[in-house]
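Chemist: Here's the letter readout for the chains.
Protein chains: 4
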Amino acid sequence: MTTLGPNRYGKSAIRLVRVDRGAGGHQVRDLTVAIALEGDFDSSYIEGDNSLVVATDTMKNTTYALAAEHLTGSIEAFGAALGRHFLRDSQVDRATVTIDEFMWRPIGDAPDSFLRDRSWTRTAVVAATGDGLSVESGIAELVVMKTSRSAFSGFPRDEFTTLAETEDRLLATKVSATWRYVDGADVDYDASFTAVTRTLLDVFAEHHSVSVQASIWIIGRAIIERHAEIAEITMTLPNLHHWTADLERFGIPNDRQIYVSTTEPHGLIQATVRRA
Amino acid sequence: MTTLGPNRYGKSAIRLVRVDRGAGGHQVRDLTVAIALEGDFDSSYIEGDNSLVVATDTMKNTTYALAAEHLTGSIEAFGAALGRHFLRDSQVDRATVTIDEFMWRPIGDAPDSFLRDRSWTRTAVVAATGDGLSVESGIAELVVMKTSRSAFSGFPRDEFTTLAETEDRLLATKVSATWRYVDGADVDYDASFTAVTRTLLDVFAEHHSVSVQASIWIIGRAIIERHAEIAEITMTLPNLHHWTADLERFGIPNDRQIYVSTTEPHGLIQATVRRA
Amino acid sequence: MTTLGPNRYGKSAIRLVRVDRGAGGHQVRDLTVAIALEGDFDSSYIEGDNSLVVATDTMKNTTYALAAEHLTGSIEAFGAALGRHFLRDSQVDRATVTIDEFMWRPIGDAPDSFLRDRSWTRTAVVAATGDGLSVESGIAELVVMKTSRSAFSGFPRDEFTTLAETEDRLLATKVSATWRYVDGADVDYDASFTAVTRTLLDVFAEHHSVSVQASIWIIGRAIIERHAEIAEITMTLPNLHHWTADLERFGIPNDRQIYVSTTEPHGLIQATVRRA
Amino acid sequence: MTTLGPNRYGKSAIRLVRVDRGAGGHQVRDLTVAIALEGDFDSSYIEGDNSLVVATDTMKNTTYALAAEHLTGSIEAFGAALGRHFLRDSQVDRATVTIDEFMWRPIGDAPDSFLRDRSWTRTAVVAATGDGLSVESGIAELVVMKTSRSAFSGFPRDEFTTLAETEDRLLATKVSATWRYVDGADVDYDASFTAVTRTLLDVFAEHHSVSVQASIWIIGRAIIERHAEIAEITMTLPNLHHWTADLERFGIPNDRQIYVSTTEPHGLIQATVRRA
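Protein chains in written order, with the working numbering: chain U, 1 to 276; chain G, 1 to 276; chain R, 1 to 276; chain Z, 1 to 276.
To be clear, the hints were calculated from the coordinates, so they are not data collected in a lab.
Check the hints yourself; a few may be wrong.
Copies of one chain are not kept apart here, so a pair can be met inside one copy or by any two copies together.
[What the hints assert, rightly or not] Result set (SDA-like, lysine to any residue): computed pairs, CA atoms no more than 20 Å apart in a straight line:
1) K174 to R29
2) K174 to D202
3) K174 to M103
4) K174 to T199
5) K174 to T121
Starting from the given sequences, assemble the full structure and let the hints guide the process.
Modeler: See the structure below:
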């Protein structure tokens with residue numbers, strides 16, 4: 001006997017730009033949206049019955065259509081509007097809306113010209129169910145480096161260990177972080193994103209790192225302590241190794257000046273820090 | 001109060017090639033390996049104590065070192081050897097080994113020359129714990145197309161629905177599938193992979209698709225029914241839309257001959273089919 | 001004083017699939033096309049006069065429209081039809097059509113189901129001018145490896161040389177090659193592509209490589225000698241280094257068995273071989 | 001008879017980071033370097049004689065080694081030092097050094113913490129020959145958008161033209177530009193790069209675009225006119241189309257507010273603007 005297990009379907013990579021042309025200058029919003037539905041869809045799999053299958057093309061059209069009225073604030077709010085819309089169909093138990101937002105900043109004082117700011121991508125995942133909304137916010141593609149105050153020593157050595165201990169290494173990573181909010185918090189998502197990102201960067205810059213693990217804890221704890229609305233944060237940090245170039249063999253001193261930067265292989269550390 | 005939640009760390013993107021030079025010709029194995037450990041690592045986060053932190057550099061060295069003795073059969077077996085190795089450290093509760101294998105096929109009759117066969121990537125995830133091994137096998141990057149016997153009709157229409165019903169569309173997708181085995185099954189992983197892939201391709205080719213959802217069910221059910229060792233399979237299928245080019249406006253008939261192929265946006269359907 | 005120098009414009013990344021549904025089975029053609037025009041377009045730059053600027057959107061429409069009648073043979077022939085079409089506008093001096101063709105192979109005996117064969121991409125660049133057509137054909141994304149009969153020794157050593165000489169290295173590369181035809185040759189482009197690719201693979205497999213440079217010469221010379229229609233061939237070969245893993249430090253012998261495969265940095269060798 | 005035509009070889013994707021730790025804060029340089037040599041290398045192809053073949057591994061070592069002494073100013077100066085180094089070998093007629101530089105900006109006031117600034121990539125190509133140096137500078141990966149003052153109308157209409165004329169479209173592009181200097185100019189490459197980039201952005205923001213072609217001319221002419229050291233500039237601008245979403249069919253007004261952003265297909269316009 002064969003049965004259907006968990007399943008979801010939807011539309012991904014919906015690319016949407018909104019431009020608002022105010023008197024004081026234009027505003028650009030640049031999103032990639034994905035919609036996924038779960039619910040009473042077993043018959044579409046088992047019986048090939050499409051009568052309850054909202055077409056993914058319709059999801060795409062709906063995303064553009066609702067952007068006119070609902071993409072006026074945070075991506076979390078837009079995700080909520082989209083999620084609630086798809087819940088109106090009774091066969092839908094859960095509508096998950098995933099949004100990436102890309103930044104553009106004005107060029108000089110021009111009201112209508114922009115440069116893509118790739119410092120990071122803002123992310124949100126909003127799941128709408130009959131019980132309400134679940135919201136996860138995040139940041140991705142944030143590449144940062146510490147050129148001092150980063151060490152890695154005291155680790156165990158076995159027959160395959162060759163890494164030297166170091167009290168002063170270069171630490172580089174591409175941060176992905178997602179966070180959830182305290183139940184019932186009345187969150188200003190835009191303000192919260194700005195503040196959490198500020199803390200993340202500040203603490204990254206200020207702290208002394210004895211390992212990527214310790215850095216995650218120190219940054220995560222600061223975010224929990226400084227931002228009362230955050231219930232937990234999960235950080236995923238690759239360790240993008242920079243090796244000191246071996247120039248001594250050429251008679252050239254290299255006191256942590258010239259590095260070989262690499263991407264393969266890389267460390268990968270992921271942890272969640274929570275409000276207890 | 002702040003606490004540490006779930007966490008894991010390890011090394012990713014370890015690129016390894018093994019060549020065995022037999023009398024009858026060489027054999028090439030080409031893998032990308034990732035190692036992730038979970039266990040008693042709280043002190044590394046909270047106290048910055050690295051005394052139990054196996055360096056990810058050591059994980060990389062270990063992968064190459066164990067390949068000499070243990071990469072002689074399936075990637076599942078190599079993953080098991082690696083997983084068990086890392087479990088020997090008492091602070092490790094779970095060692096997860098993820099392996100992608102890339103194919104090379106001989107050029108003609110040459111014993112030592114190969115062409116990279118990108119028809120698909122074989123995958124495995126092996127998790128070793130004190131309770132034993134959990135093994136998941138899979139296939140990825142398998143791009144297939146049906147040029148007839150694919151339809152999509154009978155779906156609901158609302159105010160944002162514009163998609164026309166069709167009884168004859170082009171269906172293209174990039175298959176990702178992972179499967180788990182029946183408890184206690186004595187699995188020949190290489191033979192099982194070949195057989196499951198054969199079924200997947202055969203049923204994809206033979207069946208009439210009324211939706212991607214129905215295709216997943218038909219293919220998944222066939223795999224469960226034909227392969228007694230498979231307990232469940234999860235398939236993730238993007239719908240890579242091909243739209244009939246609108247040539248009628250130029251007076252050129254286009255009866256499903258000339259298509260615009262697209263990647264953004266795309267449908268995305270994921271479901272698990274299980275042995276009951 | 002400021003003047004306009006060389007310029008060209010057009011449409012790129014036009015994705016086109018054609019399906020022909022014959023009695024004996026379907027045939028799939030999968031192309032990416034780019035069009036670029038040169039000619040009397042100075043006024044569009046200097047005076048902002050668009051009266052001679054064929055819209056790139058029109059180029060896209062034309063590509064789909066002409067595919068119905070003209071994509072019945074080689075991509076070189078389709079490129080020629082497209083190029084000639086754009087030449088009909090008197091302001092166009094040169095129309096360059098660049099086409100990549102991706103392969104699909106039938107799944108088993110199914111007439112209408114296909115698997116994307118990524119062994120290589122076939123390429124063509126056709127330039128149409130008042131003087132006629134210039135055709136360049138090629139192959140790309142062909143990844144090959146030699147596991148023996150590859151050496152690199154006898155190279156000069158200076159103060160920065162650390163590479164050991166080797167008589168038996170692993171050689172891996174991703175071949176890009178383009179070739180031009182003898183003037184006036186009556187070329188069957190499909191047959192020529194198949195034959196040239198066969199020679200390229202055969203000689204790659206059979207020859208002893210003392211360097212990538214020597215390999216290019218040996219392969220290129222064979223292509224010139226065996227294929228009377230080829231006037232010259234240019235090959236671009238990255239040297240995708242595979243380093244023997246240093247396992248001896250762990251007491252594990254590694255006689256060219258376990259390799260670290262890398263992509264950064266890589267050698268890059270490019271040369272043209274010509275019929276004299 | 002077969003002969004060897006043009007050829008070059010070298011090392012690509014050499015990834016190098018330099019950190020200088022001054023009292024007032026650290027400075028990070030992040031480069032990708034490629035070296036290519038041309039000269040008397042025919043025997044390496046035709047006779048398999050490696051005695052004049054500087055190993056590409058040596059080129060890599062040399063790049064790191066020379067960075068200690070010579071990467072103290074512009075990438076153009078570092079490229080010149082590298083190029084001149086390889087010319088010392090008499091078989092080398094031309095050494096071409098290609099450098100991409102990636103930006104990092106300090107996080108707040110921290111002296112040793114940086115965020116990768118992906119606003120653009122700075123580029124340089126320096127070719128050293130017996131006759132001296134040839135220098136080309138550039139910028140790449142600069143993504144910009146105009147939300148008004150961009151039109152495209154007055155273009156010719158033929159049987160395949162369907163594009164509507166527009167006086168107000170969204171214009172988005174990813175700028176690649178390279179420029180050459182007036183012979184004998186005494187160039188401060190860093191200052192020139194900053195100034196040229198400023199002009200490029202300012203004029204992009206200020207001008208009214210009637211086509212991408214006209215934009216290239218207006219921007220290029222301004223660069224030539226305002227920067228006496230620049231002899232010519234070549235710009236390559238994809239037209240990353242943003243289509244107004246068709247919401248009217250849903251009864252939703254959409255006066256240039258909601259756009260579908262696309263990457264395939266795209267226009268591509270390339271032109272050189274020169275000092276006469």
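Chemist: Does each hint fit the structure? Answer for all of them.
Modeler: For each hint, the structure was consulted:
1. K174 to R29: Between copies only: 18 Å across chains, 24 Å inside a chain, cut-off 20 Å.
2. K174 to D202: within (16 Å within a copy, 31 Å between copies)
3. K174 to M103: both (17 Å within a copy, 15 Å between copies)
4. K174 to T199: Cα proximity of K174 and T199: one copy only (16 Å, versus 32 Å across).
5. K174 to T121: both (11 Å within a copy, 18 Å between copies)
In this structure, every one of the numbered hints holds.
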